[in-house]
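Chemist: So the sequences go chain by chain: A and B. Sequential numbering of the first sequence, starting at 1, is according to the working numbering. Sequential numbering of the second sequence, starting at 1, is according to the working numbering.
Don't take every hint at face value.
Mimicking EDC-like on lysine to aspartate or glutamate, the simulated pairs with C-alpha atoms at most 16 Å apart in a straight line are [what the hints assert, rightly or not]:
id, chain 1, residue 1, chain 2, residue 2
1, A, 33, A, 86
2, B, 91, B, 231
3, B, 91, B, 263
4, A, 205, A, 176
5, A, 178, B, 178
6, A, 178, B, 60
7, B, 77, B, 128
8, B, 266, B, 128
9, B, 126, B, 204
10, A, 13, B, 128
11, B, 146, B, 172
12, A, 31, B, 128
13, B, 46, B, 84
14, B, 146, B, 128
15, A, 103, B, 140
16, A, 33, B, 175
17, A, 276, B, 60
18, B, 169, B, 204
19, B, 91, B, 206
20, B, 126, B, 40
21, B, 227, B, 204
22, A, 205, A, 242
23, A, 276, B, 78
24, B, 265, B, 278
25, B, 83, B, 204
26, B, 83, B, 278
27, B, 146, B, 124
28, A, 14, B, 128
29, B, 63, A, 242
30, B, 126, A, 10
31, B, 146, B, 165
32, B, 91, B, 128
33, B, 266, B, 278
34, A, 31, B, 140
35, B, 126, B, 206
36, A, 178, A, 86
It is worth saying that the hints were derived from the structure and are not from the lab. Keep in mind that this is a model prediction, so the values were computed, not measured.
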Amino acid sequence: MKQYWKLTKERIKKFFRYWDLLVLLVQRDIKMKYRRSFLGYLWSILTPLLSMAVMAIVFTKMFKRSITNYPLYLICGNILFSFMRESSTQAMYSVIGNAALLKKTYVPKYIFTLSKVTSCMVNFVLSLGALLIVMIATHQPFQWMNLMIVVPIFELYVFCIGLGLLLAAATVFFRDIKNIWSVITLAWMYLSPIFYSLESFIESKENDVITVSTLGLCIRRFNPMYMYIQQFRYFIMQYHIEMVEVPWSVLMWRGAVCAVLMLIIGTVTFNATKNKFILYI
Amino acid sequence: MEQIITEPVTPGKIVTEQTQPGKIVTDPAAPPAPKPKRPEVVIRIKHASVRFNMAGEMVDNLKEYFVKLVKRELRFKEFYALKDINLVIQKGESWALIGPNGAGKSTLLKLICGILTPYRGTVEVKGDIAPLIELGAGFDPNLTAKENIFINGAVLGHSRKFMKEQYEKIVEFAELQDFMELPIKNYSSGMRARLGFSVATVVDPDILIVDEVLAVGDAAFQAKCRKRIKELLSRGTTLLFVSHAKAPVMELCQHAVWLDHGEIKKLGAPKHVYWAYEHQHLKRQPKPEPITTQRGENDGTDTDHQRSDTGL
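Whole structure, please, built from the sequences with the hints as guidance.
Modeler: Dropping the structure here:
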């Protein structure tokens, strides 16, 4: 036990020693992302806006039904999901991409994974500007409650770190995971209520009893992205349908449990395999 | 211990004076070396072995993994890169690792750096390590030299504040003042080596690891590097040095390890170890005292060869 504490203390000390490296790597990623592009950081806002516009045009006719302010509904789901997709894809390359460095010097390897997820997070925060624009354009009233979005954002950040660590470790041993992962994220996107709502899964509506189909139930219960996106939407546009959507307070702790669980899985996998990385990268 | 230090330094001074006569006067003399009262062990390697998996072909994707799993073809062929290494290195010592390619020199250095973990045995290291294993390995080709200095410094564990203070000193040592805003991809390998060396030795590291890197810079810079290493040594840095050239080893190191096929063949003073090494590997009739300066003086015919040898 005493030894365990000593190890933990050492690890924390090491983390702070490499804190500056983390900051520099995040700065580098952000700088490199828009270097030599005319609009620069504006792209962080433009990309989600444009993709929202495309989706809005395509899906307005199909899923309008009860969703008031569909553009805002879309962009909420979209920016959160693209953060998850971006960060997990970037994190996947974080260890194999820095092979040259990791082969030569000792650096805690998770720093690279963490820096990738964090730089995606910074990018996500910039894209909140797009959200703001849509809120203003659609006359969505601002409320104090909007600030609560930091909770699902933080939960998602922790979740993505865990996921990133898991993927980074797995990709070292199995390079084809990156091919599989793009398919998985595609499926995941369709299984998350980004452009549709859970309302579409209502099978019957009799005397105030609403039955939701099995797929809808599964999404509601097991899809972590649903937990974060629905919380986010509730805080931004008070989107909530009784009996269909899970109340935000429940989602908040479920999301937290999910995030911590993912972090544990990721950390344990990464830790167990990190000493073998050098033989495969 | 004092005796051993002074011995290899003296022939080196001659070389630096030959190549860079002006520098010695201008550079401030190293402060007096704080000599430890009791020798302090900085690296202790006990029965360390490193094992690699040398499967016929490397399985690095899921598809192949499952195919082989089903076909029962997942073989693991063991290969020991290091076998039962025992080594104790004390503070302030300078060690040369010599041996043919693939003998395990770099593996041993990686073990000490903490990049590799031993399969068996233990490795204890005290203090900060500045690895020069391939200078500038951490450079991002798309970033400018200035940005890379800061990232490389952070990789070595220095804070940003510290790097800001030391920045001028690093640039000055590398003599690359005019190229700081240039992306590293436009740098030559020699320029990159200069920058890497400057960053790595900006502080006095407890342990400095130099792996076959001084061969890239030009003669003047190489001499400057050796001078810097000597300065560090005099201030108590421990040096681990890998080189295939004999002259710098003789100049800088008091001890040598000869590695072959992952095992320590011989351990001792560089000239004795080199004598044995050359005897076996170069299949040459070894001279009783194979120090180049002596040979040059005696023969007189060999001087050209000797000069190029020491000039490395």
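Chemist: If a hint holds in the structure, say so; if it does not, say that too.
Modeler: Results for each hint:
no., hint, verdict
1, A/33 - A/86, "holds, 13 Å"
2, B/91 - B/231, "holds, 15 Å"
3, B/91 - B/263, "violated, 24 Å"
4, A/205 - A/176, "violated, 45 Å"
5, A/178 - B/178, "violated, 42 Å"
6, A/178 - B/60, "holds, 12 Å"
7, B/77 - B/128, "violated, 35 Å"
8, B/266 - B/128, "violated, 27 Å"
9, B/126 - B/204, "holds, 14 Å"
10, A/13 - B/128, "holds, 14 Å"
11, B/146 - B/172, "holds, 13 Å"
12, A/31 - B/128, "violated, 30 Å"
13, B/46 - B/84, "holds, 8 Å"
14, B/146 - B/128, "violated, 23 Å"
15, A/103 - B/140, "holds, 15 Å"
16, A/33 - B/175, "violated, 31 Å"
17, A/276 - B/60, "holds, 13 Å"
18, B/169 - B/204, "holds, 13 Å"
19, B/91 - B/206, "holds, 8 Å"
20, B/126 - B/40, "holds, 10 Å"
21, B/227 - B/204, "holds, 14 Å"
22, A/205 - A/242, "holds, 12 Å"
23, A/276 - B/78, "holds, 14 Å"
24, B/265 - B/278, "holds, 12 Å"
25, B/83 - B/204, "violated, 32 Å"
26, B/83 - B/278, "violated, 22 Å"
27, B/146 - B/124, "violated, 34 Å"
28, A/14 - B/128, "holds, 12 Å"
29, B/63 - A/242, "violated, 45 Å"
30, B/126 - A/10, "holds, 14 Å"
31, B/146 - B/165, "holds, 13 Å"
32, B/91 - B/128, "holds, 12 Å"
33, B/266 - B/278, "holds, 12 Å"
34, A/31 - B/140, "holds, 13 Å"
35, B/126 - B/206, "holds, 8 Å"
36, A/178 - A/86, "holds, 12 Å"
The structure does not agree with the numbered hints 3, 4, 5, 7, 8, 12, 14, 16, 25, 26, 27 and 29 stated previously, though it agrees with the rest.
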